[in-house]
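**Q** Using the working numbering, the letters of the sequence shown correspond one by one to residues 205 to 588.
Hints in this document: simulated from the structure, not taken from any laboratory.
Treat the hints with care, as some may be off.
Stated by the list, open to error - Pairs of lysine to aspartate or glutamate, DMTMM-like flavour, derived with a Cα cap of 20 Å:
id: 1; residue 1: K407; residue 2: D499
id: 2; residue 1: K581; residue 2: E563
id: 3; residue 1: K523; residue 2: D570
id: 4; residue 1: K295; residue 2: D207
id: 5; residue 1: K577; residue 2: E526
id: 6; residue 1: K407; residue 2: E456
id: 7; residue 1: K581; residue 2: D466
id: 8; residue 1: K523; residue 2: D579
id: 9; residue 1: K469; residue 2: E508
id: 10; residue 1: K295; residue 2: E371
id: 11; residue 1: K577; residue 2: E450
id: 12; residue 1: K295; residue 2: E217
id: 13; residue 1: K523; residue 2: E563
id: 14; residue 1: K577; residue 2: E508
id: 15; residue 1: K295; residue 2: D377
id: 16; residue 1: K469; residue 2: E567
id: 17; residue 1: K469; residue 2: D507
id: 18; residue 1: K581; residue 2: E567
id: 19; residue 1: K581; residue 2: E526
id: 20; residue 1: K581; residue 2: E456
id: 21; residue 1: K577; residue 2: D507
id: 22; residue 1: K407; residue 2: E333
id: 23; residue 1: K581; residue 2: D507
id: 24; residue 1: K581; residue 2: D499
id: 25; residue 1: K523; residue 2: E456
id: 26; residue 1: K523; residue 2: D499
id: 27; residue 1: K577; residue 2: E567
What the hints assert, rightly or not - Pair by pair, the computed Cβ-Cβ distance ranges are:
id: 28; residue 1: A578; residue 2: G506; range: 50 to 56 Å
id: 29; residue 1: E361; residue 2: K577; range: 33 to 39 Å
id: 30; residue 1: L334; residue 2: P445; range: 49 to 55 Å
id: 31; residue 1: G506; residue 2: K295; range: 54 to 60 Å
id: 32; residue 1: G506; residue 2: P239; range: 54 to 60 Å
id: 33; residue 1: A225; residue 2: A350; range: 50 to 56 Å
Just so we're clear, the structure is a prediction, and the values are computed from it rather than from any experiment.
Note that the Cβ used here is the ideal one computed from N, Cα and C, for glycine as well.
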Amino acid sequence: MPDLHWLELHRTEGSPLLREALSAWGYRLIEQAGPSTALVVADRLDPRHIPPQALEVLWWVRGAEPEEVSDILARRPGWVVRQGMPLDTVKAALEHIRQRDLGSEGWLRQMLHLATLEELLRLVLIRAELLSGARRGAIWVRSEDAFFQRCGEGFPEAPLSQAEAAELVRAGDAYLLCPTVQMGLLRLQGATGDPAAYLGWIKEVEDLLVNAWNFERTQALSFRDDLTVARNRRALEAELPRVLREASSRNESVALMFMDVDNLKALNTAYGHPTGSRVLTHVALEAQRIIRTQDRLYRYGGDEFCIMLPGTAAQGAVKMGERLIQVLTRTPLQVGAHQVPISLSIGIAAYPVHADGAEHLMERADRALFTAKADGKGCVRVAS
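When you get a sec, could you build the whole thing from the sequences and use the hints?
**A** Given below as structure tokens:
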């Protein structure tokens, strides 16, 4: 009789019927979390309620959006069943989990076909660490001729050239993900299991990874600003909600910095529009030099930029904003015989202190930027 850890977070009328059915199917219900499969009864999916000991989780919920499903399953393998569906659906899901059905008809392909590359990489890393017994690990993804770390910890975050990656693979210190296209690189610390076990599992999801990787690269082109090569407003609106969800699950802050190039219209009038374009490009390049690997720069539109800083409170963003203003003030743009001064006004808001969602956070940061402009420009202001 297999054990099933029953965790009822919210009472529902269907629970007694489901409990009876589970007993009839031969499951022994344990009324607490444990180190095997858990069945969580809840209104909605919530990463905070993932049982830390559970290897897999079956979620029985009132409702769930595809984006929520892909996010929760990237964090812990399992299945999601809506409470309005026949109880036999729960039975089938549990059977798939028991059999570790990861093949073409399994839970992974059914539930994760809408997952982003970031979500799939986290799932691959969690599974590789579990199957290998590794203390921790990290995954790099190839972009052009170099590999960049995308998730995990325990290794230097510096990009790896293709030659460096190949040498690590030859030495047995790394494994190629999707070798035919050299999509990524997996490194593990303290792995004790048979590499064939976790590499074989990864092979089952290769086409999902490659499809997500190709989609991300195609999408990246539409998310770039042609002039400054920064991400554009469309990218910010797509990425910010996901970053806030991840921050919420880890109880972290996310700072948002709105920046406006002061007096750009006057610069265009005095020196011409090509010079105005050079000013925008110069601001973007200096900002890229200052921000961290995990931060993201966006051209929000016109003379306005935005920087998203995951894992950062408002005061950390203030320091970065002040530094950027100082750098631009010290390095005016040389245009012929003229030195064109560059000034920035910056407004900052942080999640969750100043806002409870993506739109609200952008609104608060934009309002702080308006305050900076009203206070004389060339300064940093924080939402209040």
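**Q** Decide, hint by hint, whether the structure agrees.
**A** Taking the hints in turn, this is what the structure says about them:
{"no.": "1", "hint": "K407 <-> D499", "result": "violated, 31 Å"}
{"no.": "2", "hint": "K581 <-> E563", "result": "violated, 24 Å"}
{"no.": "3", "hint": "K523 <-> D570", "result": "holds, 18 Å"}
{"no.": "4", "hint": "K295 <-> D207", "result": "holds, 14 Å"}
{"no.": "5", "hint": "K577 <-> E526", "result": "holds, 15 Å"}
{"no.": "6", "hint": "K407 <-> E456", "result": "violated, 33 Å"}
{"no.": "7", "hint": "K581 <-> D466", "result": "holds, 7 Å"}
{"no.": "8", "hint": "K523 <-> D579", "result": "holds, 18 Å"}
{"no.": "9", "hint": "K469 <-> E508", "result": "holds, 12 Å"}
{"no.": "10", "hint": "K295 <-> E371", "result": "violated, 47 Å"}
{"no.": "11", "hint": "K577 <-> E450", "result": "violated, 32 Å"}
{"no.": "12", "hint": "K295 <-> E217", "result": "holds, 19 Å"}
{"no.": "13", "hint": "K523 <-> E563", "result": "violated, 24 Å"}
{"no.": "14", "hint": "K577 <-> E508", "result": "holds, 12 Å"}
{"no.": "15", "hint": "K295 <-> D377", "result": "violated, 41 Å"}
{"no.": "16", "hint": "K469 <-> E567", "result": "violated, 24 Å"}
{"no.": "17", "hint": "K469 <-> D507", "result": "holds, 9 Å"}
{"no.": "18", "hint": "K581 <-> E567", "result": "holds, 19 Å"}
{"no.": "19", "hint": "K581 <-> E526", "result": "holds, 13 Å"}
{"no.": "20", "hint": "K581 <-> E456", "result": "violated, 30 Å"}
{"no.": "21", "hint": "K577 <-> D507", "result": "holds, 13 Å"}
{"no.": "22", "hint": "K407 <-> E333", "result": "holds, 15 Å"}
{"no.": "23", "hint": "K581 <-> D507", "result": "holds, 14 Å"}
{"no.": "24", "hint": "K581 <-> D499", "result": "violated, 24 Å"}
{"no.": "25", "hint": "K523 <-> E456", "result": "holds, 18 Å"}
{"no.": "26", "hint": "K523 <-> D499", "result": "holds, 14 Å"}
{"no.": "27", "hint": "K577 <-> E567", "result": "holds, 15 Å"}
{"no.": "28", "hint": "A578 <-> G506: 50 to 56 Å", "result": "violated, 18 Å"}
{"no.": "29", "hint": "E361 <-> K577: 33 to 39 Å", "result": "holds, 36 Å"}
{"no.": "30", "hint": "L334 <-> P445: 49 to 55 Å", "result": "violated, 28 Å"}
{"no.": "31", "hint": "G506 <-> K295: 54 to 60 Å", "result": "holds, 57 Å"}
{"no.": "32", "hint": "G506 <-> P239: 54 to 60 Å", "result": "holds, 55 Å"}
{"no.": "33", "hint": "A225 <-> A350: 50 to 56 Å", "result": "holds, 53 Å"}
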